[in-house]
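All chains should be modelled from the sequences, with the hints used to inform the complete structure.
Protein chains: 2
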Amino acid sequence: MNKDQNILIIGAGLCGSLLALRMAQRGYTVTLVEKRPDLRKQLQDAGRSINLALSDRGLKGLRLAGVEEAAKKLCIPMLGRMIHDKEGNTFLSKYSGRENEYINSISRPGLNMLLLDEAEKMPNVEIIFNKGCKSVDLESASATFKDYTTGEDVTFQGDIVLGTDGAGSVVRKSMFNHKKFLFSFSQEWLTHGYKEITIPAADGGGYRTTMNALHIWPRGEDMLIALPNLDGSFTVTLFLPYANSDYCFDNLTTPEMVTEYFSKEYPDAIALMPNLVTEFFENPTGPLGTIKCSPWNCYGKTLLLGDAAHAIVPFYGQGMNASFEDVVVFNEVLDTLENESTDWKAVFHAYEEARKKDTDAIADLAVDNFHEMKEHTASTLFQKKRKLETAFEAEFPQEYYSKYSLVTFNESITYSEALKKGRAQDKAILNLIADGKLTEEMSLREKLTMTQKETEAILHDDAIAFG
Amino acid sequence: MNKDQNILIIGAGLCGSLLALRMAQRGYTVTLVEKRPDLRKQLQDAGRSINLALSDRGLKGLRLAGVEEAAKKLCIPMLGRMIHDKEGNTFLSKYSGRENEYINSISRPGLNMLLLDEAEKMPNVEIIFNKGCKSVDLESASATFKDYTTGEDVTFQGDIVLGTDGAGSVVRKSMFNHKKFLFSFSQEWLTHGYKEITIPAADGGGYRTTMNALHIWPRGEDMLIALPNLDGSFTVTLFLPYANSDYCFDNLTTPEMVTEYFSKEYPDAIALMPNLVTEFFENPTGPLGTIKCSPWNCYGKTLLLGDAAHAIVPFYGQGMNASFEDVVVFNEVLDTLENESTDWKAVFHAYEEARKKDTDAIADLAVDNFHEMKEHTASTLFQKKRKLETAFEAEFPQEYYSKYSLVTFNESITYSEALKKGRAQDKAILNLIADGKLTEEMSLREKLTMTQKETEAILHDDAIAFG
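The listed protein sequences correspond, in order, to chains A and B. Quick note, the first sequence lines up with residues 1 to 467 if you use full-length UniProt numbering. Quick note, the second sequence lines up with residues 1 to 467 if you use full-length UniProt numbering.
Check before you lean on any hint, since a few could be wrong.
Since the list gives no way to pick out one identical chain from another, each pair is judged satisfied if it fits inside one copy or across any two copies.
[Stated by the list, open to error] Here are the simulated BS3-like pairs of lysine-lysine, each with C-alpha atoms no more than 25 Å apart in a straight line: (1) K195 with K179; (2) K420 with K195; (3) K134 with K60; (4) K356 with K374.
Calculated from the structure, these hints are not laboratory results. Everything numeric in this text was worked out from a predicted model, so none of it was measured.
Written as structure tokens, this is what we have:
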């Protein structure tokens, strides 16, 4: 591949800025265009996903670009889920029975700034802010932007366009509207929306509740979660149905209703959120959607990556991690194909061939988890399963990995492998418990052996029936 | 419900005209608007799905509107699949071991004309042709049409709008573009397209091959099928990959290539198609897509039905049947709710609640069958399964129904029940065969008992794991 090419990357969020950095490290000339102002100079987006969960797959992407250690300085390890019941009792459920398997809370703008700084250090990267993509000419790899400073339209020409402009991707919309090829596309919305609220730092600094945990207040249909920030605050996210529920976004329309709801459902949390009512009405309610599409590339000129190609719901904490893993996989494809005298079309095809099944899998896993989280609070069967898995992971750390661990901590296996094995394991355990096959007299080792045998049987049967 | 309301139905294809007839029979005033000319006066659409498979679910819809007997006069019963191998050998595989379980070939325009005639006989139906819907004002139930005769725009106002304007529905696009509510939507394209070719009637009349069968030339990735017409001809449909195959639409670009391909793959069929080359290049290549969306209704003013709500691929022969069953289910909902002093919103919600899971199921079943048809030619396991099922259905007609029979002939169970039970049965049989559990020494009765037991076990395990 001729390195003397200009790569036009649209969208300088987390995925776009890591990709720009990596492509520049590989020697390409990169123009990175972002519709918003430079967030290092102007803070934005209060009330929208201020922090995120960073885990092994994401760290692998950062490591590839040499920024893992810098990013880790922004991280707060979360060792487990701190479950809060309705009476305010708490219980820490560790993410894994193994040491060193934890996830990290990291500031979205903080990490984005780090990546922009690193990209900007490269002599072959130009970053342009305040220019919003209006459309992409897919056949020529040029894109038209509205310059928000001057109000004028400008056109940039690349040798290729990489679209990393997020879930609402304009690059993807250009493909959807193009009509000259068959574009498979889906947008699926959950019945729930989300809203962010703040737990401020304690008076005089420090955290108002346990720092090293992801806090969860599971209430069946509704849920509150909280992730810590470096400044002592927590960002809380409420997940709530839009409609058709005793409490839902459609009927929480007055300060009294909001206070009543939180007092009843989250008594220990409301005490930590002095600005609840103000923030509830000032912060936007966001939808929870899954977006899939194919092909990700067209004409060997344009490729979608990150949320633009595969937006997922947040219930596995894998959105950013999946996007960073995209960069890892794209980089691997370049490692293989770049030195052949090949064209971008072959690279883009190989990338989608390698990656699509896995982003489909994490999308499905994330929706699974939305439903499972509701089940966990309602079903003793699910609670028994979780208890047994925790025991397996603690006692047999090299032999048993739960679906969550496979997805979150085992970056050497793909999301699609994690889905296949994780679902089979879940099915095996749930059935063995429900059918009373795991008896009191059995040792934990015997229970593990039976679970493994049943999992293999399920995988065998599925392979025969579904190939 | 006040019957003194105007129902604006957009699209006078099969679903729209049956729905118009039935709503008029229920006492509503109906305005049925169609973009094309009246097909009773002007023949259209050469090369596009000239005939269709009509089976029990579709017949139930026609019966509801009192037109079953009239429609049956247009039908040619197809008792089974006539399989043609590469050497031109044929083998009839009956659709069922039971008497009276067969499907029918029926002319799409013929049936559409019948339904238009019947609707037009009603004093409370007005049918308007040559007006193409441009957009629907979803909140007010008015729609703007382009009058193709005058070139002018006209607006019609209904109390409600029922959108039956097919897979490319403009009513659905108005919902997609509306942005004031979350609209889940998916369009998924197969890698294959289709093209129609004609086997003309024999010289002097009559059929050139067996009339009472659906002919299939299965070739793995590619496939030819043929359905009989009343005039002695057959409509043949070629299913072929667009690209990335030895023979595909992208490379069948010359008469020589087309002739070579058909001579090699379908030697007995090419002899019956004198106009093959001309038709191949004159007739369009159609895509094969699945469309799902939700909600089907908005503001209690607009509802999608038929292909507009759920377009499916043709591999179960259920597209028209599903649309007619929509009318049956909508009619049932009206039976229940119409006499309460209720509003359309409640009716539309109840309809979607009752129906959506089943149209999702037939969409998935149809895609399954696309892949299964390919497997059947490649895999001896799938062939053994089909042989065993045919024996079960012949020997135990009241005890065993294959997935195909559940979908096609058992209109008393829903598509989603058929999917669940049918998939479990398939998985049971494939695994029992693969694992050598069905031995030579066993009687057919013993094999059936083992299959039923294994099917129940699969359904039990799935219910525990997936609810």
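*When the hints from earlier in the document are held up against this structure, which numbers fail?*
Per hint list: 2, 3 violated.
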